Structure formats: C-alpha cells, structure tokens
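Asker: The primary structure of each chain is shown beneath.
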Amino acid sequence: MSEWRADLTVAAAIIRRNFNEILRVPGGAIPGIIAPTIFLIGLTSVFGDLQRLPGFTADQFISFLVPVTLLQAASFSGAATGVNLARDIELGWFDRILVSRAPRPVILGGLLAAATMRALLPITVALIVAFALGAAFPGVGGLAVAVGVACLFAGIAAAWASILAMRFKTQAAAPLMQSTVFMAVLFTTSYAPEPLLSGWFRHVAHYNPVTQILEAVRQGFVGGVTWGDTWPGLVVVAAGGTLLVALALRSLVRMGR
Amino acid sequence: MIAADLRATGALARRSLNQTFRYPRYLAPLVVFPSLFLAVNVGGAGRATSLPGFPAVHGFLDFELAASMLQATMLTGVSSGMALGIDIERGFIDRLIAAPISRPVVVTGRLAANAALGVFIGAWFLTIGLIFGAHIAGGVVGVLQVFALLSLAALAFGALGASLALRSGNAGLVQGTFPLVFVVLFVSTAFFPRNLMQEPAASIAAYNPLSLIAHGIREPVIHGASLASFGEGLAGVAIVGVISSTLAALALRHRLRGD
Amino acid sequence: MAGIDLEVAEGEIYAFLGPNGAGKTTSVRMLTTLLRPTGGSATVAGHDVVSQASDVRRAIGVALQEAALDPLMTGRELMGLQSALHAVPRSESKQRSDALIERVGLSHAADRRVGTYSGGMRRRLDLAMALVHEPRVLFLDEPTTGLDPASRAAIWNEVRALNDEGTTVFLTTQYLEEADQLADRVGIIDHGGMVAEDTPEALKAGVGRPSLEVTITGDHAVAKEVLGRFGTPYKASNGSLAVPLEDGASGVAEIVRAIDDAGLQVDSLEVRRPTLDDVFLAKTGHALDPAGEEEPDPAGAVS
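Chains as they are written, first to last, in the numbering used here: chain R, 1 to 257; chain L, 258 to 516; chain S, 517 to 819.
What the hints contain is simulated information worked out from the structure, not anything from laboratory work. A few of these clues could be false.
Partner residues are not named here, just some residues of chain S that face chain R (Cβ under 10 Å, in silico) [what the hints assert, rightly or not]:
1. LEU522
2. ARG552
3. ARG573
4. ILE576
5. GLY577
6. GLN581
7. HIS602
8. ALA603
9. ARG629
10. THR632
11. SER634
12. PHE655
Just so we're clear, the structure is a prediction, and the values are computed from it rather than from any experiment. Using N, Cα and C, we set each Cβ at its ideal position, and we do this for glycine too.
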C-alpha cells in the first residue's frame with residue numbers, strides 16, 4: 001500500500017472510531033447535540049427584547065444569535081474530541097495508536113477531521129430549529145460561509161482541547177476543555193453589537209479574536225455576505241488554526257517524553 | 258439510633274463536602290461556569306435595564322445575581338446526584354445499606370452537604386457581586402434571607418439529583434440532565450423580567466416555581482428583605498421540595514427492594 | 517532506570533522478571549517508543565528507539581499491560597482498525613484478522629462488543645491485534661497478570677507457537693513460573709536496575725546445586741554424621757536435614773544406602789532443585805511477591 005493511501009486509511013479509521021460513540025451510545029451523545037439548540041431557544045426567549053435597543057443590528061434576536069449557536073455547537077464537538085482523547089490516554093487505548101506505524105500528523109489529522117465532521121450534527125439540528133422559529137435565511141452563500149467557518153472552528157477547538165488532553169492526560173480536565181472553548185465564544189459580540197456591550201466586557205469582546213470568526217459566520221444572518229466581513233474571520237481561523245494545530249502536533253510528538 | 262444516624266449523616270456530609278472542595282471537577286461546574294455565564298450575561302445584555310418596562314434596579318448585575326445563584330444551586334443537585342451515582346456504581350452504597358443505620362441516611366448525608374453548599378454559593382456570588390459593583394439593598398438581613406432560601410433550595414434540588422441517581426444507578430445519566438438545568442431556568446424569571454420575555458417562555462415562567470425562588474433571592478439584593486418575598490421563595494422551594502423528596506423516597510425504596 | 521544493559525537475540529524469548537514498580541513497564545515503554553529515554557541508547561530490530569522511532573514501530577507488535585481496548589467496538593472491528601493503523605493492505609486485512617481471531621480462539625465472540633469480553637478474552641484479542649502486521653519483535657507487558665490458570669496456559673502456548681515461527685518475544689512478568697516456562701533467557705530487574713541475567717537453568721545453577729532433604733526418625737547426631745560423609749549438612753527450611761548433591765541426583769542412592777546401613781528410619785526424602793524463586797531471593801535479598809509487596813529478607817531461609 002502506498003504511503004499516502006496508508007495514511008488516508010489510518011485517518012479514516014480514526015474518524016470512524018470517533019463516530020462510534022455517537023452511533024453506539026446515542027444516549028450519551030444527545031445532550032451535546034441538542035445543548036446548543038437549547039441555548040438558542042432559551043436565550044432567545046429570555047433576551048429576545050434586546051433587539052429593541054437602539055443600535056441593535058438585526059431585526060430579530062434569533063437571527064443575531066444563530067451564529068453563536070453554530071460556534072457553540074462547533075466548540076462542543078471540539079471539546080468532546082479532547083475529552084475522548086483524554087479518556088483514551090487514561091485507559092491506555094491511545095498507546096496502541098502511538099505504537100502503530102501511523103505518522104503523528106495523520107493521527108492528529110484524523111482526530112481534528114472527526115471533530116469537524118461531528119460538528120455538522122449539532123449545527124444541522126440548530127439550523128433546522130432556528131429556521132423553524134423564524135431566523136432569517138442567510139442565502140446559500142451565507143449558509144456555506146457560516147457552516148464552513150463553524151466547522152473549521154470545531155477543528156480549532158478540537159486542537160485546543162487535544163492540547164489540554166495531552167497535557168493533563170485525564171478526563172478530569174474535561175470542564176477546563178469545555179468551559180474555555182464555550183467562554184471563548186461567549187466573550188464576544190455574542191448577545192449584542194459591540195457598541196451595546198457593557199464596560200470591560202466590550203474591551204474583551206473587541207480583542208477576542210473569536211469575535212472576528214463570529215462576525216464572519218453572522219454576516220449572512222443579519223445582512224449580506226461581503227469579502228470585507230469574511231476575510232478577518234478567515235485570517236483568525238487560519239492563524240489560530242495553524243498555531244493550535246502546530247502546538248497540538250508538538251504535544252503529540254512529545255507525548256511520553 | 259437517632260444519635261448513630263446523625264453521626265453517620267455528619268460523616269457522610271463531611272465526605273461529600275471534602276469531595277466537592279478537593280476535586281476541581283466537582284467544584285468548577287458549580288462556581289466557575291455560572292460565574293463566567295454571569296459575566297457574559299451582564300456584559301452582553303447589560304443595556305437591557307434601559308428597555309421600557311425593566312424594573313428599577315441599581316444595575317443589571319444586581320438583577321442577574323439571583324439567576325447565577327439559582328443556577329449554581331441547581332447544579333449542586335446534578336453534581337451530588339452524579340456523586341451518588343458513582344457511589345452506587347462502585348458499590349459504596351451497598352456498604353452503607355449493610356451498615357446498622359437507617360436507610361434514608363444513604364441520602365441525608367449528601368443532602369446536608371448540599372444545604373451547606375447552598376450557603377457557600379450565596380457567599381460566593383454576593384462577594385463577586387460586591388466586588389464588581391452590585392448593591393445588596395437588604396443588608397445583613399437580606400444576605401440571611403438569600404442564604405436561607407439557597408440552603409433550602411439546594412436540599413430540594415439535591416433530593417431531585419438523588420432520586421435520579423437512585424432510580425438509574427448511573428452517574429452518566431444524571432450528568433446528562435445538565436442541559437435541563439438551563440431549560441427550566443430559561444422558562445423562569447431567573448434571567449429576565451417576565452414582562453420582557455418572549456412567548457411561550459413568559460407564560461410558562463408564570464407557573465414555574467423557579468420564578469418564585471428567583472424572586473425570593475433577588476428581592477433582598479435589589480429592593481430589600483421582606484417577609485413577602487421570603488414567603489414567595491419558600492413557597493417555590495416547597496413545591497420543588499415536595500416533588501423531589503417524594504421522588505427520592507420512592508427511588509430509595511425501589512433501590513432497597515432491588516426491583 | 518539505571519544500569520540496564522541487555523541484548524536480545526533474534527528468535528529468542530526474553531523475560532524481564534521483577535516485582536511491581538521495579539521498572540519493567542518503563543523499560544517496555546522506552547523500547548516501544550512510548551517513552552523517551554533520558555539517557556543511554558536502545559535499538560530494536562536494528563533501529564534506534566529515538567532517532568528511528570517510526571522504523572521501530574513498523575517492526576514491533578505490542579500488547580500492553582491493561583489490554584486497553586475500546587469496549588464499544590467488536591473484536592473483528594478492532595482487528596480491522598489495527599490493520600489500518602499498521603497499513604496492512606485491505607486485501608490481506610480480513611484474511612489475516614480472521615486467521616488470528618481463530619488462532620486465539622475468539623471466533624465465537626468476534627462480532628460481539630469487547631465490553632462483553634472476559635479478562636482472558638481481552639488479553640487474547642490484544643495478542644491477536646499485536647500480531648496483525650506480522651511483527652518481527654513482539655513486546656508483551658505482563659501478558660497474564662490477573663488471569664486464571666487456564667487463560668494463562670492458553671497465552672503461554674500461543675507465545676511458544678509464535679516463537680517457534682520465528683518471532684522474537686520480549687515479555688515482562690512478575691510470575692517466576694512464567695519466566696521459567698517460557699523464556700530462553702531471563703533478566704531479573706529490581707529497583708530500576710538489572711541484578712542478574714542468563715538462561716533459567718544457568719541462573720538456577722548459579723545459586724546452588726540440587727540438594728537432598730531428609731526427615732529422619734532417630735538420632736539426629738548420627739544422621740548428621742552420615743550425611744556429613746557426602747557434603748556439609750544443614751537444616752532445611754522445613755526443619756529437615758539437607759545435604760548438597762555434589763554429583764547431582766545420581767548420588768541419592770548412595771546416601772540412602774548409608775542412612776539405611778546406619779539403622780536410621782527415613783520419614784521423607786526429597787531432591788530439591790533451585791528455583792527462580794531462590795535465584796530472585798539470592799540476587800535481590802527479598803522474595804518476589806506478585807502482589808507487589810516486597811518482603812524483607814527472611815533470615816535463615818534456604819539459599
């Protein structure tokens with residue numbers, strides 16, 4: 001078997017195994033799949049009237065909030081990848097993968113690809129519910145940008161959670177993985193446009209790079225898709241992704257050292 | 258016998274508290290997550306106080322403290338239910354059942370720890386509130402009202418978590434109810450005034466006992482302690498408590514019978 | 517780890533024998549590239565474990581102590597995954613997996629989730645997985661710890677058969693009997709260092725000759741005098757008198773005749789050969805306790 005085909009086979013096998021959990025223990029995976037949608041419905045029910053504030057940039061609060069939900073769904077999937085990796089390390093299963101001939105980048109690639117694909121499940125559920133509740137349709141282009149960027153964000157979140165998993169080597173680090181990615185998404189312009197945010201939170205949101213990703217995902221839901229609103233998000237995805245994937249790869253290569 | 262049960266309850270309560278405070282995995286979801294969520298809500302939706310119809314408050318943080326305290330208290334129920342589930346999975350509960358103590362002690366130790374955690378949660382969030390500029394209008398009496406209601410609410414939610422754990426014997430299943438905490442909170446007035454909430458959540462909130470508890474712990478912060486608000490909070494706790502303790506008693510009986 | 521210097525020949529079964537915490541697993545993790553050595557060097561199948569780690573991984577099969585297997589997957593699926601991880605061509609993967617599953621006696625359970633397997637079944641599946649890519653060197657970290665005697669014997673038979681087919685086997689164990697039964701050579705490890713290494717026979721010969729233990733009814737002084745003609749008698753651990761057999765078991769008949777001639781009555785008679793237990797005690801100063809609790813040097817014990 002040629003090297004690249006062997007690598008693809010390894011990545012596919014790792015992806016398949018990651019889906020086992022969803023397919024074989026659906027009861028365990030369902031909370032993670034529906035949680036972002038619960039947040040969407042709940043926050044819309046509670047904070048829906050914020051759209052009446054002067055300066056709010058969407059006609060409906062739910063349209064403004066859907067992109068947050070997509071990134072939440074992505075971050076849940078990324079964190080789940082990290083938690084599963086920590087469990088595999090803890091139980092010794094990951095040793096089996098490490099002593100195989102599979103190159104480290106292929107192992108990491110398989111894990112991140114699995115997170116990216118896995119994110120499509122909660123994203124799809126959230127979009128169906130959001131449109132049913134009257135969220136604005138962002139157009140085919142807007143939807144493609146939103147889902148594409150959100151899936152890439154899942155990969156970034158998975159890289160971050162994997163770094164933590166390889167650092168702590170225990171599932172006890174799960175709250176750290178979940179809360180950091182969860183909060184990275186919420187400490188942005190999640191609830192309101194930047195001018196309407198309060199005090200120090202506005203500064204955090206301004207400098208939080210995830211805000212750029214969120215705005216790229218959001219643009220189609222609150223207006224039209226423009227290159228000007230897209231490229232900052234893509235730059236953050238590319239830069240953040242490169243950095244975190246490199247760090248995750250470094251952790252993987254150094255495992256056991 | 259009563260003395261022995263009390264002693265066992267005390268020992269088990271201490272064990273539960275040690276578990277919570279020694280392992281970040283137990284404590285973090287109770288305080289860190291609700292604290293960060295509080296920051297997001299206040300920072301992101303802080304301008305809500307200028308919406309027509311929003312009650313007169315010193316700030317949105319003052320209003321939201323009740324939501325965070327209630328959320329954290331509900332999470333103690335999930336957390337203690339999970340811990341009980343782990344005890345069942347590992348056979349620790351069998352050892353208690355085999356001991357010469359009353360059967361309810363299996364649960365009362367954890368519930369006593371929950372009550373103490375309720376006070377801890379109140380102290381944690383009121384301190385955070387004061388640090389970030391909230392005013393506690395009710396003063397010391399108001400703080401006592403908050404502590405009392407949170408402590409009782411933690412007991413009630415603890416019984417709910419225990420009933421799930423006893424019925425299923427599965428920690429993972431109890432953990433899976435985590436999103437439900439948010440679901441029931443979102444359809445209460447914990448986060449926002451009912452007159453500004455969307456339908457159907459606003460209508461459900463009118464009948465949700467969590468709205469009563471939220472009112473009971475919010476009033477001492479934003480307006481001042483009062484028997485009326487305390488009574489309202491107590492009524493909310495009583496509704497949840499009666500349901501949860503009945504479920505817990507039935508679940509305990511189910512487990513002891515092994516049916 | 518310090519002071520470990522060993523060489524395992526191709527086609528050999530080498531056993532690392534030592535108590536829990538002696539450093540056996542650490543050694544295996546270093547040799548299988550899971551742990552980077554802080555000093556020294558090691559080559560496996562001709563490849564350096566640090567600079568040529570990926571070449572090492574291609575040459576080895578590893579069955580780790582915990583037999584960590586995904587409980588959600590079936591035995592057959594795990595074999596498939598292992599084949600993919602080791603780039604076994606798809607055309608060969610199924611055939612090899614089926615053959616290995618049959619070989620370790622799991623055909624009946626191959627399509628069941630591993631979560632339903634017993635400890636012995638997991639270990640056998642683990643062994644089959646370690647073989648799917650036909651490794652030159654097989655590492656087995658405590659392959660039978662915690663298994664019942666029947667499962668243990670099944671693993672031993674399989675290891676012997678693999679070795680007969682040419683696979684080099686490096687195993688760690690805390691069971692003296694396992695090392696004695698399986699290994700061509702044994703390295704005794706204690707407190708992170710190697711204390712002895714040789715074939716089981718040579719190790720046992722090194723700690724003493726066989727001895728004859730005799731329990732006699734009658735005058736002990738006379739018995740001692742009689743036995744003294746054949747060597748220096750001493751009191752054995754069970755209270756009987758013992759004398760080393762200078763010429764091996766062939767000297768037994770002569771000693772028995774002498775006892776008989778002296779009019780002494782023999783209650784029991786036993787030729788005792790040194791065991792690896794004796795070797796371990798002699799080399800480390802304490803007995804090997806598989807439970808991991810090291811006992812202090814029992815003064816007066818047979819040596």
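Asker: Each hint should be assessed against the structure and marked as holding or not.
Answerer: Each hint, compared with the structure:
1. LEU522: violated, 20 Å
2. ARG552: The hint holds - ARG552 (chain S) has a Cβ within 10 Å of chain R, the shortest such distance being about 4 Å.
3. ARG573: Holds. Min distance 5 Å.
4. ILE576: holds, 7 Å
5. GLY577: holds, 9 Å
6. GLN581: Holds, about 8 Å.
7. HIS602: HIS602 (chain S) check passes; min Cβ-Cβ to chain R is 6 Å, inside 10 Å.
8. ALA603: holds, 4 Å
9. ARG629: OK, holds: ARG629 (chain S) within 10 Å of chain R, min 8 Å.
10. THR632: For THR632 (chain S), the interface hint is violated, since the closest Cβ of chain R sits about 13 Å away, which is over 10 Å.
11. SER634: violated, 18 Å
12. PHE655: holds, 9 Å
In this structure, the earlier hints numbered 1, 10 and 11 are contradicted, and the remaining ones agree with it.
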